[in-house]
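Trainee: Listed below are the residues making up each chain.
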Amino acid sequence: MRGLPPAAITAIVFVVGFALCTVQFPNFASTRVAANLLTDNAFLGIVATGMTFVIISGGIDLSVGSVIGFTTVFVALAIERLGVPPLIAFAAILLLCAAFGAAMGAIIHFFDMPPFIVTLAGMFLARGASFLMSTESTPISAPLYSTVSDFALRLPGGGRLTAIALIMLAVVAAGAVLLHFTRFGANVYALGGSRATTALMGIPVGSMTVRIYMLSSVLAGLAGIVFSFYTAAGYSLSAVGVELDSIAAVVIGGTLLTGGQGSVVGTLLGVLIQGLIQTYINFDGTLSSWWTKIVTGVLLFAFIALQQAMLGIARRAGPRKAGVLTS
Amino acid sequence: MPGVRVDANVGGSDAGMNANSDPGPALLEVRGLSKSFGTLRALQEVDFTLRAGEIHALLGENGAGKSTLIKAVTGVFPRDAGIVRLGGAEVAPRSAKAAVDAGIATVYQEVNLLLNLSVAQNLYLGRQPTRFGLVREAEMRRCATELLAEFDLHIDVAEPLGNYSVAVQHIAAIARAVDQSARVLILDEPTASLDRHEVEILFAVMRKLALRGIGVVFVTHFLDQVYEICDRITVLRNGRLIGERATAELPRIELIRMMLGRELAETTSERAAAQVRQVGEICARFEGYGKAGYVAPFNLALRRGEVVGLAGLLGSGRTETARLVFGAERADSGSASVDGKPVRLQSPRDAVAHGFGYCPEERKTEGIIADLTVRENIVLALQARRGLAKPLSRSEQEEIAMRFIQLLDIRPPEPERPIGLLSGGNQQKVLLARWLATAPRLLVLDEPTRGIDVGAHAEIIRLIRELCDDGLALLVISSELDEIVTYSDRVIVLRDRAHVDELEGEAIDVSNILAAIALAGTAGAEAGPS
Chain A
1 MRGLPPAAIT AIVFVVGFAL CTVQFPNFAS TRVAANLLTD NAFLGIVATG
51 MTFVIISGGI DLSVGSVIGF TTVFVALAIE RLGVPPLIAF AAILLLCAAF
101 GAAMGAIIHF FDMPPFIVTL AGMFLARGAS FLMSTESTPI SAPLYSTVSD
151 FALRLPGGGR LTAIALIMLA VVAAGAVLLH FTRFGANVYA LGGSRATTAL
201 MGIPVGSMTV RIYMLSSVLA GLAGIVFSFY TAAGYSLSAV GVELDSIAAV
251 VIGGTLLTGG QGSVVGTLLG VLIQGLIQTY INFDGTLSSW WTKIVTGVLL
301 FAFIALQQAM LGIARRAGPR KAGVLTS
Chain B
1 MPGVRVDANV GGSDAGMNAN SDPGPALLEV RGLSKSFGTL RALQEVDFTL
51 RAGEIHALLG ENGAGKSTLI KAVTGVFPRD AGIVRLGGAE VAPRSAKAAV
101 DAGIATVYQE VNLLLNLSVA QNLYLGRQPT RFGLVREAEM RRCATELLAE
151 FDLHIDVAEP LGNYSVAVQH IAAIARAVDQ SARVLILDEP TASLDRHEVE
201 ILFAVMRKLA LRGIGVVFVT HFLDQVYEIC DRITVLRNGR LIGERATAEL
251 PRIELIRMML GRELAETTSE RAAAQVRQVG EICARFEGYG KAGYVAPFNL
301 ALRRGEVVGL AGLLGSGRTE TARLVFGAER ADSGSASVDG KPVRLQSPRD
351 AVAHGFGYCP EERKTEGIIA DLTVRENIVL ALQARRGLAK PLSRSEQEEI
401 AMRFIQLLDI RPPEPERPIG LLSGGNQQKV LLARWLATAP RLLVLDEPTR
451 GIDVGAHAEI IRLIRELCDD GLALLVISSE LDEIVTYSDR VIVLRDRAHV
501 DELEGEAIDV SNILAAIALA GTAGAEAGPS
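The listed protein sequences derive, respectively, from chains A and B. The first sequence begins at 1 in the numbering used here and counts up by one. The second sequence begins at 1 in the numbering used here and counts up by one.
These aren't lab readings, by the way, just hints derived from the structure by calculation. Computed from a predicted structure; not experimentally measured. Treat each hint with caution, since some may be false.
Claimed, not checked - Using C-beta positions, here's what the derived DEER-type ranges look like: (1) K364(B) - G206(A): 56 to 64 Å; (2) I313(A) - G420(B): 57 to 65 Å; (3) L407(B) - I313(A): 50 to 58 Å; (4) G206(A) - E287(B): 57 to 65 Å; (5) K364(B) - A196(A): 16 to 24 Å; (6) L40(B) - T182(A): 22 to 30 Å; (7) T182(A) - L194(B): 34 to 42 Å; (8) S95(B) - F111(A): 18 to 26 Å; (9) H180(A) - E287(B): 53 to 61 Å; (10) Q180(B) - F111(A): 26 to 34 Å; (11) G213(B) - L120(A): 51 to 59 Å; (12) G38(B) - L120(A): 35 to 43 Å.
All C-beta atoms in this analysis are idealised placements derived from N, C-alpha and C, irrespective of residue type, glycine included.
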């Protein structure tokens, strides 16, 4: 696929969208709006980064929303009811998430099950377990939480780059390096190209699958921790449907749903586009917030159609002959 | 343990075994390799010897065991018996990766590389140069460019592999294998989708590798290419080793006989009975019928009560002819007529509407529907022909099913048994029944006896004859020449995707067919090198 990479199209859509908002609301273009965009979507950015790896490898992870919900409840109960120091609670839940993701990856690989079904089961399991722990919203009042929410880098123009926004940016940056500049990342693309071929080329497909789902679940756990910072509470119904938001962000970011192509930066842009729509609705004040979903849906359609069209063009152009060949 | 060698070739040139003037030391030795799938013996005590620096053709028709041999050697299938030695040391890889690690690499027809990754990533996946855990992209590209330059291939290695032609993809796959210190390189039909120029590029690479002392196994069905590039030839048939020869000492007719033939004496007597048969009027005629790049235009007239056999090597255009006749592939030239009226065969639906039927070669994937019962499989084509608006009642279906179960002696005679549980021969009979139920005027049978045991084999042939006596026209494809000779009234010989000869009456015998395949159009010439 030559010409403009899909992520560049996402970037153009974002810039154009931002410009349109600015035309309508002159005070839209401020560091305050930009910083809030990052803060409000921090958890989505983190979980969508993990989802990018899974989708590029040819899989899907439907469990992440439930894992976020489970994490918020687990963290809240551990800190408030059991008096566990927050950092220890965080370490525990991240380990638990890693084990959960590894188990899903192992089932997918060793029983040759479709990721859709396995992670769907994981979704019900995690959501059910969080209801089992508590059906109430549990506020978190640990000192660490107020420290974190007070922390912010002040930007010129009044914007506050919060701790959770910084965590998200760090995750995206680390994710981009991991995906684009390491052997692990190359293997992720390879898996999305063809599992059988990747195995024939000597890549340990099983351990790769386990590690990819582990990564996704750990990032979902991290997103859950960030979500608990954001809301200062743990609630078993939090982040319902976030798995679908993150899949939408990944696809709008130019990643092929069938795997093999995509980028983490594109995913971040996909997240920000969803946030932009929400912000526009907040500025407008009269629109229902469900318009976010409608516009996201339209964009999703547009991007999938675009990808198909580009694939079609690439196919019609046909493969190129070799450059200089002497025989 | 060397196995019993079944050397069924004819004539006195048997001394060709190991007759090469100076065979090098054996690099890869396969001895007594056997492999069965259920009751099917895919390989029986096969020996194979590859020497360093030679290009060795592995030949045989469909089902001869070439792919099974490759897969059993490279650990894709576990083997039942036999040993493999590489450079004198026994190797028993458990997987394709283990085989590569041992030094045996395979490049399949469908390139086993990742089209979505860059050329460089494909060459170095899993072994990229890294620093502090990060891939050194520039270094990797430099190495990749140098590696491909060794094969005279100068391309931008940062581009996705899918942007390049299949020839480039094959060379990249070969380069990766060779760079991973392969000593034996197996190329499984690498030229099937290449044009002439690309084939030459690939051959240059193969010659270069042979000069380096790598043993190259070349699987193909293009005999011209075999004679162009191969030093030695090993022929398999029906899972057995037929023989190994130096290419220079093996005339083409002899090679084809090894691939297809049986002792000529056996078959001549069977012919007489089939000889006398009244054939009726022309029921389907094809004139100048063909498709560019698929089958060259041919003329074909099929008469009622006549069996026309299509003979030729694998890939010669037999199945392609059948698919054109049945409308499964659209012709781009010529015309077709049925009972004298011009018709257009755009799809199998059209063909069925004109009373054609087709039993494809791949019975399991294109023919039977394994989970449906015998009854459901039998009524399928008839129901499709009537249209869904006029369903056959259950009692009609049962009546039809029972009629054909009795007529064709399908066993067990239980219409409600899932067809997947029947033996191969009985599945084939159900397929025949499916088309016979539509009372067709023309039936095309592609390899009707493939994978069927000997008893059922004879029965299918008997059925083919009886069907014709009832006025049906039959077009039959088979690799078994003596079988074709037994039931055909006319034999059309194909070579390189064109109809090259037609034999009728007394002229139909195995040696004439072999000669026609080998010499293309000079069927009268003396068969055999003697």
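Trainee: Determine for every hint whether it applies to the structure shown.
Mentor: Checked hints:
1. A C-beta distance of roughly 30 Å is found between K364(B) and G206(A), which places it outside the suggested range of 56 to 64 Å.
2. Taking 57 to 65 Å as the suggested C-beta distance range, the pair I313(A) and G420(B) does not conform, at roughly 43 Å.
3. One distance hint, 50 to 58 Å for the beta-carbon pair L407(B) and I313(A), holds here, with the actual separation near 55 Å.
4. A beta carbon spacing of about 58 Å between G206(A) and E287(B) agrees with the range 57 to 65 Å that was offered as a hint.
5. With their beta carbons about 20 Å apart, K364(B) and A196(A) fall inside the hinted range of 16 to 24 Å.
6. A beta carbon spacing of about 46 Å between L40(B) and T182(A) contradicts the range 22 to 30 Å that was offered as a hint.
7. For the hinted restraint 34 to 42 Å between T182(A) and L194(B), the CB-CB distance of approximately 35 Å keeps it satisfied.
8. Between S95(B) and F111(A) the C-beta distance comes to about 19 Å, which sits within the given range of 18 to 26 Å.
9. Our hint of 53 to 61 Å for H180(A) and E287(B) holds, since their Cβ atoms are close to 60 Å apart.
10. At roughly 31 Å, the beta-carbon separation of Q180(B) and F111(A) lies within the given 26 to 34 Å, and the hint holds.
11. G213(B) and L120(A) have their C-beta atoms about 54 Å apart, which keeps the hinted 51 to 59 Å range intact.
12. Our hint of 35 to 43 Å for G38(B) and L120(A) holds, since their Cβ atoms are close to 36 Å apart.
This entry does not satisfy hints 1, 2, 6, going by the numbered hints stated previously.
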